[in-house]
Amino acid sequence: MLSTLTSIFIATAGVQTAPPVATPADFWLPIGASVQAHNVDLMFNIINYICYFFFVVVLAMMVWFVIKYRAKPGTRIRTDGMTHHTVLELSWSVIPLLICIAIFFFGFTGYVDLITPPKNSFDVNVTAFKWGWQFKYPNGAQSDNLVVPSNRPVRLVMRSNDVLHCCFIPAFRVKKDIVPGRYSTLWFQCDIPTGIEEKNGYHLFCTEYCGTGHSNMNRRVMVLPQAEFDEWLVKQAQWLDEIPDDELYFKAGPKIYARCQQCHSLDGTVGLGPSWQGVWTRLTSPGGARFSDGKSYADIIGPGKEYATPEDYIRDSIYNPGKHLVATYGNVMPTFKGQLTDRGVDSVIGMMKHLDEFDAKGAWTKTLPPAAAKTETKSEQK
Amino acid sequence: MSSASVDHEVRVGHEGHADGHGHGSAEHEKYPFLAHHFETPAQQFDSAKLGMWLFLATEVLFFGALFVAYAVLRSRFPEVFSYGSHYLDTVMGGINTCVLILSSLTMALGVYFAQRGKRIALLICLWLTMAGAAGFLVIKYFEYSHKIHENLVWGPGFYIPPHDAMGEAESVALAHAPAPAPAVVPAPLNSAPSGVPMIGAHPAVDASVVKPASMGPLGLGAGAVNHASAVTHDIIPDQLPSAHLEDAKMPPNTHVFFAIYYAMTGLHGFHVIVGMVVIGMLIYRATRGDFGPNYFTPVDLVGLYWHVVDLVWIFLFPLFYLIH
Amino acid sequence: MTTIVTPRPELLDTSATKDNYLTYTRGFLSWALTLDHKRIGVMYMSAVLASFFVGGVFALLLRTELLTPGRTIVSADTYNQFFTLHGAIMVFLVIIPSIPAALGNFILPIMLGAKDVAFPKLNLFSFYLWIGGALFTLYSLAAGGFDTGWTFYTPYSTTTTTGGVIPVLTGVFILGFSSIFTGLNFIVTVHKLRPPGMTWFRMPLFLWALYATAIIQVLATPVLAITVCLLIVERTMNIGIFNPSMGGDPVLYQHFFWFYSHPAVYIMIVPAMGIISEIISVHAHRQIFGYRFIAFSSIAIAMFSFIVWGHHMFVSGQSGLMNTIFSLISFSVAIPSAVKTFNWTMTLYKGTISLTAPMMYGLSFIFLFTIGGLTGIHLATLNTDVHLHDTYFVVAHFHYVMMGSALIGMIGGLHHWWPKMTGRMYNEKAAIIACIIIFVGFNVTFFTQFMLGSQGMPRRYYDYQPEFQIYHVISTIGAYIMASGFFLCAACFVQSLLGGKKAPANPWGGRSLEWQCTSPPPHDNFSAPPTVGNCYDFSMLRWDEKEQGYVVDKELEAVAIAAEARGHS
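Residue numbers (the numbering used here), protein chains in the order written: chain Y, 1 to 382; chain R, 383 to 706; chain G, 707 to 1275.
In short, the hints are calculated from the structure, not lab data. Nothing here was measured: the structure is a model prediction, and the numbers come from that model. A couple of the hints might just be wrong.
[Stated by the list, open to error] FRET-style restraints, in silico, Cβ to Cβ:
#1 G268(Y) x W737(G): 35 to 43 Å
#2 A25(Y) x A453(R): 16 to 24 Å
#3 G903(G) x D80(Y): 35 to 43 Å
#4 Q1024(G) x D299(Y): 48 to 56 Å
#5 F697(R) x Q1024(G): 45 to 53 Å
#6 E1253(G) x F652(R): 54 to 62 Å
#7 F652(R) x A1196(G): 39 to 47 Å
#8 V1265(G) x V56(Y): 58 to 66 Å
#9 A849(G) x I477(R): 31 to 39 Å
#10 V660(R) x L90(Y): 34 to 42 Å
#11 F27(Y) x H897(G): 15 to 23 Å
#12 M1028(G) x N151(Y): 30 to 38 Å
#13 S781(G) x S292(Y): 39 to 47 Å
[What the hints assert, rightly or not] Covered stretches of chain G (in silico footprint by chain Y; criterion: 3 or more residues with CB under 8 Å from a CB of chain Y, positions within the stretch not fixed):
#14 781-794
#15 883-894
#16 933-944
#17 1036-1047
#18 1093-1107
C-beta: ideal position from N, C-alpha, C; glycine also.
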């Protein structure tokens, strides 16, 4: 009988009956935007109705019995209740068992769909770190928010830089832990484009506790039609190269800084890392900040010393952050080697040198000279 | 509480009840060691024995988790385990196995003599068991110290030659090393740099496993190993007692074998020490003449414990020393 | 099964009121060094309730912080420490020892008809182990706290810079042994100290539940002990067994941890189920329905609990095959739980139900446990769990089971046996009002969290999306309501201690052995092993105007004894 059940279910589940429109959010579930969401929601609702049924039965019996058999003062003890009823007890053991087995099979087949990516999937490399995400695309483009093509299976190939993380996209009903030391994969297909606007994107959360910034590891997933996506991908890969050198610091700088701001403030606020406020003055003045080993900037920066110029020092601090630790700060910064290109580092250094042109959130406060204005494009993503 | 009940309490040891209550049933008057909440000595003995068996069940599970860890690691790195076992001294391990089995025999004989009230024979057996336990630990000490001298240790230290083998400069560098510094590993774009970099010809991570993407805050582990890589480069090979570092055939992650080896044999060694303490207490009480045909529960229980400690070693010995 | 207790004159020794276990000896040392299971039980209870207060304060701080997205009262790091402490205290210091060690220690030997547990010294030792574990947990705060979550997942727990991780792990290790020794004591007591006539199937269901719990305590806790040992060694000596960058496996840690911590869930809930079986039967004054099914379901839950741990790891990267197997087995736990729920409900049928405070807690339990149990189905089902895992849905589910069921069961049991333990009655009306407030507050707090979770709010989040705020506000209001209920409940108990009416030996008309001795019981419980009958036969009760409750009628009892004697001859 079980095999019949399974085969029936597999036959029905095999047909992807995903509606072309998102399932709207309801009392329980958020908007369901992936092809898998339909099955998960169906299962969730079936279980819900089973739960409602049993809950109402138990509760109704309980309330009814309590009202009917409530002892008023002076009531004689009833002794006519039965002590057991084997048929009844067996039936409420066996019936729930059968229901459970059925639910298991439906859940299992749904799960198999959920974890088996189709062959033609589009791969995105995902790196999770304390506390952020980086998404890398086959053409070398990188982004902080996930951008994917619609109407095509997407496979995330994920790894962690440090501790356990977990990628969760509620609207797609998918989730997977990211264990350091191995790749984890996750796939989904979304047929409902959102456009490139960040506020329209679906949420992406980290759901494996990873420390201070755990709840700030939320990003957005933007879904674009294939053609639009391809265009975005090309732009994204080149965005740093297209910016003239002297405009790097205010065009690329703030975008890159968005990934630094969790730990490094611009206004002197104490964070997990030293504030950038006045960093260039500190680096170039004698003395400067102290390291935890007692050395000062002047001891390591200068001609013939470990770093010939302050720029060398900043560059090495980004690539090998644990080498010299500014006193009282812990060794918590992940390396950006392989993530930030030389031009990226140039942008950061440029921004540090011109901090007076930025507000506390990293937005550039000056206006663009008319000649440069035309190079700015809307589709750039940080 | 009367002084009489305190006295009673001291004599009955484990099963006594300090709040000894004056329900002097015939059984309680006849057997001073019978605690007030038991009806008969048999009930008390059965309870103690069942309690001990349950405790031993927890011991088995305690070790069981480590055996599972062994199995998991072994299935992950079979080559490490067959390679690592060559560094263990089968002769010493074999002698230790014999010593423990003999001490189990003397312990069993001790129970036999305790039941028959033969105090001197019991004492001899207990002392012999004690000697066996001590002998085991002495041999284990030689094994450990030999391995530590050869730098066959757990963790990142496995890849750091001992201090005395280093040139002065390196030792100074080590002593004044800043907080763990990630090593620079040339990593192609889009591939994860390793948290534990290559050390000579012996990468510390399995190349078949995806290299962890971390160069960041991995804590002590990565840092220390990374640091090691910084200092091991200039060391002249023939000054090393760490012969294993020169062995080109050493598979990656060999330190895992020694980690689980020290964890399991160390925990077992701790149980041997506890065993010596309780056997010592038995010797004290046997000398005083506490045990006889009516009352030998503690001897019986310690005997059970000792057999389990023995049994654990019977599994450890082949798993580490014999299976190549 | 119409046997009833044959009262022996010495069991009903009324002079014992002068010499009960509280007044038997006096002075601090007479408590600190006591080997009396009742005093140890009372000490456990005080310590557990104090810990519950501390854990509850952390809960309120957490809920207050979550009133608004971003910072409300504390920083992210402090918040992380708060939820870790809340979890660790509530799990290791409160719920695990609450019923077995506190109530169980007091009730088990008396209910069984024994004078004490099998190993009184071991019992006292495990209490001091608990104290030691609690002190280490406290010390960890002084040492810099810990922000690992109560699950101590590696590699975060081995790399976090907070300094209290090793102390708290040591504390957990010690608490584990406290729990092991309590379980060991109970198993031996149930096996070896049953008096004549107390056959396995005459044991009250609370004893069956404690016995099943003890099996789990003895067989699961050692794995936790060695796991935290390995974690300590990993952190101090860096052996790398769980460290992925050294060839170790963090998922192995999760297997070890849940191999203990899933059974631990049943260490919490099974004894509460036992209490509910007692409460429902005694306060409905009716033979429990389906005694054997309930008894065996406790054992079944204990057995199944060992083979379902993997359902905590459906998205952790264990293989799909493992997930499938664990999902299938996990459903098996639903059956004994369902059996119990139906049997309790049927026990109400044709009963004579007194809506006393313990009964109100009993009914709350059935309500809350039904919700907690049924939502377990969502989480055992593979594809829905993928969506719900590590969201507030899970938080709500396990609070319904651990707090709504295990803790409510414990509080209900405390109300049930309070007259026996202290010799005082409490204000019934106020206690019932407290129960209702707690019940309402609980549902407002945690039912909201089901919606929060299924909408996609991850757990352990300091900051959250603005659209979740309304749920968080409602949940926090619920927490405040619940807290006020607990304060009223505590006030009832304090009032009872200070000026409560003297409790009769058997205020509810219970039939198990603890109601045969005085309130509070004498030092030695029973001067001779009592003979035992059917502890669920309430036919000899009659309404007593003076007591305003049901009491045992001597004549009816004599009839029952005669009937029993005929039945035996």
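A quick look at each hint next to the structure:
1. G268(Y) x W737(G): 35 to 43 Å: Violated: the Cβ-Cβ distance is about 57 Å, outside 35 to 43 Å.
2. A25(Y) x A453(R): 16 to 24 Å: Roughly 47 Å apart at Cβ, these two residues miss the hinted range, so it is violated.
3. G903(G) x D80(Y): 35 to 43 Å: Given range 35 to 43 Å: violated, Cβ gap about 27 Å.
4. Q1024(G) x D299(Y): 48 to 56 Å: Holds - the Cβ-Cβ distance for Q1024(G) and D299(Y), about 50 Å, lies within 48 to 56 Å.
5. F697(R) x Q1024(G): 45 to 53 Å: 27 Å, violated
6. E1253(G) x F652(R): 54 to 62 Å: With a Cβ separation near 58 Å, E1253(G) and F652(R) satisfy 54 to 62 Å, so the hint holds.
7. F652(R) x A1196(G): 39 to 47 Å: 44 Å, holds
8. V1265(G) x V56(Y): 58 to 66 Å: Violated, since V1265(G) and V56(Y) (Cβ atoms, about 42 Å apart) do not stay within the stated range.
9. A849(G) x I477(R): 31 to 39 Å: 44 Å, violated
10. V660(R) x L90(Y): 34 to 42 Å: 51 Å, violated
11. F27(Y) x H897(G): 15 to 23 Å: 51 Å, violated
12. M1028(G) x N151(Y): 30 to 38 Å: 33 Å, holds
13. S781(G) x S292(Y): 39 to 47 Å: 23 Å, violated
14. 781-794: That given contact holds, which follows from 3 residues of the segment 781-794 of chain G lying within Cβ reach (below 8 Å) of chain Y.
15. 883-894: Since three or more residues must qualify, the claim that chain Y covers the segment 883-894 of chain G is violated, with 0 doing so at under 8 Å.
16. 933-944: Since three or more residues must qualify, the claim that chain Y covers the segment 933-944 of chain G is violated, with 0 doing so at under 8 Å.
17. 1036-1047: holds (count 7)
18. 1093-1107: holds (count 4)
The structure fails to meet hints 1, 2, 3, 5, 8, 9, 10, 11, 13, 15 and 16 from the earlier list, while all remaining hints are met.
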